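**Q** If you read the protein sequences in the order shown, they are chains A and B. Read in this note's numbering, the first sequence has 211 at position 211, and its numbers run on one by one without any break. Counting from 1 along the second sequence, just add 348 to a position and that's the residue number in this note's numbering.
Please keep in mind that the hints were generated in silico from the structure rather than gathered at the bench. Among the clues, some could well be false.
Interface residues of chain B toward chain A, partial, derived using beta-carbon atoms under 8 Å [what the hints assert, rightly or not]:
1) Ala463
2) Gly557
3) Ala570
4) Gly579
5) Ser638
Quick caveat: nothing in here was measured; it's all calculated off a predicted structure. Yeah, the Cβ is synthetic: ideal placement off N, Cα and C, and Gly gets one too.
There are 2 protein chains.
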Amino acid sequence: MHTVAKLTSILGSRLPIIQAPMAGVQDSRLAAAVSNAGGLGSLPAAMLDTATLASELAALRAQTEAFNVNFFCHAPPERDSVREQQWLKALQGYYQEFDVAPPDAAGPGRNPFSAEIAEVLEANPPAVVSFHFGLPDESLLVRVQATGAAVISSATTVAEARWLEARGVSAIIAQGTEAGGHRGMFLDSDLNSQLGTFALLPQIVQAVGVPVIAAGGIADAAGVTAAMQLGASGVQVGTSFLLCEETATSSLHRAVLADVNGDTALTNVFSGRPARGICNRIMRELGPMSPLAPAFPLAGNALAPLRRAAEAIGSSDFTPLWSGQNRTGCAAIPAAEMLRRLAAGLPD
Amino acid sequence: MHTVAKLTSILGSRLPIIQAPMAGVQDSRLAAAVSNAGGLGSLPAAMLDTATLASELAALRAQTEAFNVNFFCHAPPERDSVREQQWLKALQGYYQEFDVAPPDAAGPGRNPFSAEIAEVLEANPPAVVSFHFGLPDESLLVRVQATGAAVISSATTVAEARWLEARGVSAIIAQGTEAGGHRGMFLDSDLNSQLGTFALLPQIVQAVGVPVIAAGGIADAAGVTAAMQLGASGVQVGTSFLLCEETATSSLHRAVLADVNGDTALTNVFSGRPARGICNRIMRELGPMSPLAPAFPLAGNALAPLRRAAEAIGSSDFTPLWSGQNRTGCAAIPAAEMLRRLAAGLPD
Chain A
1 MHTVAKLTSI LGSRLPIIQA PMAGVQDSRL AAAVSNAGGL GSLPAAMLDT ATLASELAAL
61 RAQTEAFNVN FFCHAPPERD SVREQQWLKA LQGYYQEFDV APPDAAGPGR NPFSAEIAEV
121 LEANPPAVVS FHFGLPDESL LVRVQATGAA VISSATTVAE ARWLEARGVS AIIAQGTEAG
181 GHRGMFLDSD LNSQLGTFAL LPQIVQAVGV PVIAAGGIAD AAGVTAAMQL GASGVQVGTS
241 FLLCEETATS SLHRAVLADV NGDTALTNVF SGRPARGICN RIMRELGPMS PLAPAFPLAG
301 NALAPLRRAA EAIGSSDFTP LWSGQNRTGC AAIPAAEMLR RLAAGLPD
Chain B
349 MHTVAKLTSI LGSRLPIIQA PMAGVQDSRL AAAVSNAGGL GSLPAAMLDT ATLASELAAL
409 RAQTEAFNVN FFCHAPPERD SVREQQWLKA LQGYYQEFDV APPDAAGPGR NPFSAEIAEV
469 LEANPPAVVS FHFGLPDESL LVRVQATGAA VISSATTVAE ARWLEARGVS AIIAQGTEAG
529 GHRGMFLDSD LNSQLGTFAL LPQIVQAVGV PVIAAGGIAD AAGVTAAMQL GASGVQVGTS
589 FLLCEETATS SLHRAVLADV NGDTALTNVF SGRPARGICN RIMRELGPMS PLAPAFPLAG
649 NALAPLRRAA EAIGSSDFTP LWSGQNRTGC AAIPAAEMLR RLAAGLPD
């Protein structure tokens, strides 16, 4: 079990359990609750401007010690006005149905990691910085590492794990296909390359020397035990926290999560990249994977007026309802209690 | 652990480990080796005529006691000559490249369970009969149950597990998406409904009262332990046996299996239904999922002359290279030794 001790020493937390960063449904409140209970809370920063990031970091710092801040590090896409117009055209019938104006263009919704963000981190460095979609450019990566933060990132294939290790990450999250939210895939865009946790985790553990954090389908103590059996040094859990008291999960999202019969799918209609959410009308009618969706993150903006209009009448037909494939652990309890439930599965 | 004892009592084997039936790569020899070592060996009967089935059953009976015989129980498809001609047309370039004649029509390749087969079983009943793609008609199912054989079948969703339990199966195989070969899915044809073992297994365990057998991504002792942790009463393992001495796995197939970097995908080009195999030329060029493939099992016949011609020159470009997503357990050893390796992961 020395790899577990190695991981907790890297993360700066008592327990090798990371609360997965979940942009759109949580802020520093959930992260602080998890970190204060001994896990590693995460602040999802992909959708924050630098001012909000700075204030969230300060808020977290005031409440707890070690925490993780998560960023997306995609390359901003080339704009493609033809494709963006096609996307708006595909949504035309919905704009009419809801009597809303389409946005002028399918604009960006999420900012990649940048020099401005690095500056905010330098002023107030967190214990851990996690990246999704690979790693930022070498020059930015070096700046983050120089703050003393441990850098971790997600791999969805063995090749991605090797790529991350070669670039000096401190630990690797093995993200099995059961996981909710965005797939971290960055070397391959073919969904056929994506593996279930049972297959991905042991292969990454065999392939790399750094500690491996299991993610995808881990919902409770038994899941934690099983992941550790397969060679994980720790786990990252998102979905089970979605109903916790400290989240900002909307009531519409909560209602859908509570229905265990709702299937999930990987869809690109909300952002342009595959992400797992519970199937709803827009996913069924345009996807779940649509060849028309503009490159990440351009697809999302076009849905915004529809989402607003639908939510106003109590409909989640156009809302991203992020969820993993295993919702059996979800419970409307304090995050600290959820962490205790999960930690019961850790080896002694 | 009383559910484990319940399962072994149903299966008639000492260990709760089933060697997955793998049509095309094994016969009674592998099944006998596994059963004699304390597991439950399986004879894949989907591609056997009744005479061969009878002789294989007799061969098994002479070598061992308890074993499983596996059948497909799809409804024979309506022939659709337009679609079959389109499929042959899509393959036209390959027929020319190899200078082979296309078959007259995309004929059937696998027979569903039938009254004739039930008669063979009645004459020589095995301990266990497993079905893929649901269950046969009530009248046939009753005949199989009347032989005293325990009937089991695969579920790929919670709904399928409930459906099987309601029809009286003795145990349910939870087939996670990591598994090699044909997906057992029968209530839903949407691949988005398919879950990883980490998510599927605990949900099926929660949903049904009969013992649940985990399948998909389980490659070694650690995998067995993890599956039991997630609530399984036993496991079904296929891929790890593929290189064993008692299989009939071709040298072409073996070579590809030994390369751990080959990605798998779910493809319908070999049969018309999604099945997981290692990606090769025909999968990449026509699929992996092709809307042109005729209904199961009609797609396969059209590939037969191409497969023959390609294999004759040492190419597996048109060969179904069935494999799960986790090949880390594969080893060219006796099946009894593989079974011992797996059994080391069972709880005491």
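**Q** Now tell me if each hint is right for this structure.
**A** Verification of the hints:
1. Ala463: Hint violated; B:Ala463 Cβ to chain A Cβ min 36 Å, cut 8 Å.
2. Gly557: Violated - the Cβ of B:Gly557 stays beyond 8 Å from chain A, reaching only about 17 Å at its closest.
3. Ala570: 5 Å, holds
4. Gly579: Since chain A brings a Cβ to about 7 Å from B:Gly579, closer than 8 Å, the hint holds.
5. Ser638: The hint is violated - B:Ser638 has no Cβ within 8 Å of chain A, the shortest such distance being about 13 Å.
Comparing the model with each numbered hint stated earlier shows that hints 1, 2, 5 do not hold.
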